[in-house]
Amino acid sequence: MRFAPAAALLTFFAAAALAQAPATPAPAAVPEPSLPYTVKPSDKLIRLSRDLLVTPGAWGEVAKFNQMKDPNFIKPGQRLNIPLRLLKYQPAQARVVSVAGDVRLGGAVATVGMTVPEGARLATGANSSAVVELGDGTQVKLLPQTLADVVSNRDYTMRDASASGSTTWFSGLIRLTQGALDTLAARIERRATPLQIETPTSLVGVRGTQFRVAYEDPATRNARTEVVEGQVRADNPAQQSGADLPGGTGALINPAEREVRVVKLLPAPDLSALPAELNKPQALLPMPVLAGASAFRVQVASDDRFDRIVRDLKVTTASVDLGQLDNASWYTRVRGIDAQGIEGFDSVKLVAIKEPVRWRLTSSTLSLRDGQNTLAWTALLDNGRPLPTPRFSLELASDSAFANVLQRLDAAAPSVLLGALKPGIYYLRLRPLLPDGKTLDAAEYRMDLSANWGETVFDNSFPLVPLAAR
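Its first residue numbered 858, the sequence shown is counted upward by one per residue in my numbering.
In case anyone wonders, no lab produced these hints; they're calculated from the structure. Note that the coordinates shown come from a computational prediction; the quantities given were computed from them, not determined experimentally. Even for Gly, the Cβ is constructed at its ideal location relative to N, Cα and C. One or more hints might be untrue.
What the hints assert, rightly or not - Using 16 Å as the maximum straight-line C-alpha spacing, the simulated EDC-like pairs for lysine to aspartate or glutamate come out as follows:
hint	residue 1	residue 2
1	Lys1171	Asp1203
2	Lys901	Asp927
3	Lys1295	Glu1212
What the hints assert, rightly or not - What follows is a list of derived Cβ distance ranges for each label pair:
hint	residue 1	residue 2	range
4	Pro1213	Val954	25 to 31 Å
5	Asp1101	Leu1141	37 to 43 Å
6	Asn1240	Leu1207	23 to 29 Å
7	Gln1181	Thr1246	40 to 46 Å
Whenever a hint applies, use it, and build me the whole structure from the sequences.
If you want it as structure tokens, here you go:
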């Protein structure tokens, strides 16, 4: 079978860049990505090169790549490896499948269903997130304040040697320039190259796994990778080094350090002791106890898949304020961060953010009998309904800051015996106690006992005046 002369070689820059991406500690020794083809009896050189190659003139490079003794002769059953940069391809379908908040695609507002072409840039703003599905079914989640480019998302079609049909091989590359990505790589057999996530200082290649890649601190130029399941390859191109990361491990890529140290991920924290409801205005969510954690990552989403992440916070304090969230039930994901900055396994809890239950006194009385003062009151919720409990805690103080507390009492009914009190000014703090052990916000009052209290005055119909009214 003879090869007919053809046009000059077309150079496809994007494919060549992908082919040259390092995948081992010694990039020069890495074979160029290629796909196999087995020659069929009916194959002719001119047809084969026309159907498969970017230009028929590329056949000379294919022959050289396969070290063919006679580039003008092929025989049935012969196996050829064809470099990706020489193969024809079709752009694979990529689309936006989830948007929350301020998300841009190529500078325009992104909406669900939009097509994401090769070369497109995606950007998420503060408290915003997006999910892009690549042509192979891989889902890439962009966390808040992330910039990422879809460098390649393509299908290579190879004629099937055993039939008249063809097979499709996928290749994809995402470039992360800022922020963090959570990736669930599709488990497909025909990958022309591993799915790759590239940062300015690292390259991560996977074939079917769940992992995270982050490039959040351009000052240090460190990139981190955490593998939830499966296995990835993390390379440091600047040092021509790298490491395999099995599931349950992570690594920090420092362009100034050759060693890529693989560490175990911190276990998922126990969130069972965290409250399921938080009342505004602050809505403080306490952080769990986790050995080895120097901080926590807290992510809040409206869905249990965390496709619509509205908060992505690194927490170094004992609690985090979620009071700016809308009143709703939110899926809250928490994971520990070790001293190196590697983030561990997730735990998830559904947390309801609510307005505080507000209440008010509708009346109060103070009576003096046999030298003993009895305070009674009636209280309602702001909506006019009765409180679900008559129990209260009470503090009586001589100052408005409650630094000098005279009495602390629990009242099983809306009244309490205060005992003997001299004329003067008192301050009182009341807090309803609910049957489930929770408490409502306390209210503070001023209570004035006149100079003739106990001499000519023994009753006061409105002794409690809200401090805010003074």
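Against the structure, the hints:
| no. | hint | result |
| --- | --- | --- |
| 1 | Lys1171 <-> Asp1203 | holds (14 Å) |
| 2 | Lys901 <-> Asp927 | holds (15 Å) |
| 3 | Lys1295 <-> Glu1212 | holds (14 Å) |
| 4 | Pro1213 <-> Val954: 25 to 31 Å | violated (37 Å) |
| 5 | Asp1101 <-> Leu1141: 37 to 43 Å | holds (41 Å) |
| 6 | Asn1240 <-> Leu1207: 23 to 29 Å | holds (26 Å) |
| 7 | Gln1181 <-> Thr1246: 40 to 46 Å | violated (30 Å) |
Of the numbered hints listed earlier, those contradicted by the structure are 4, 7.
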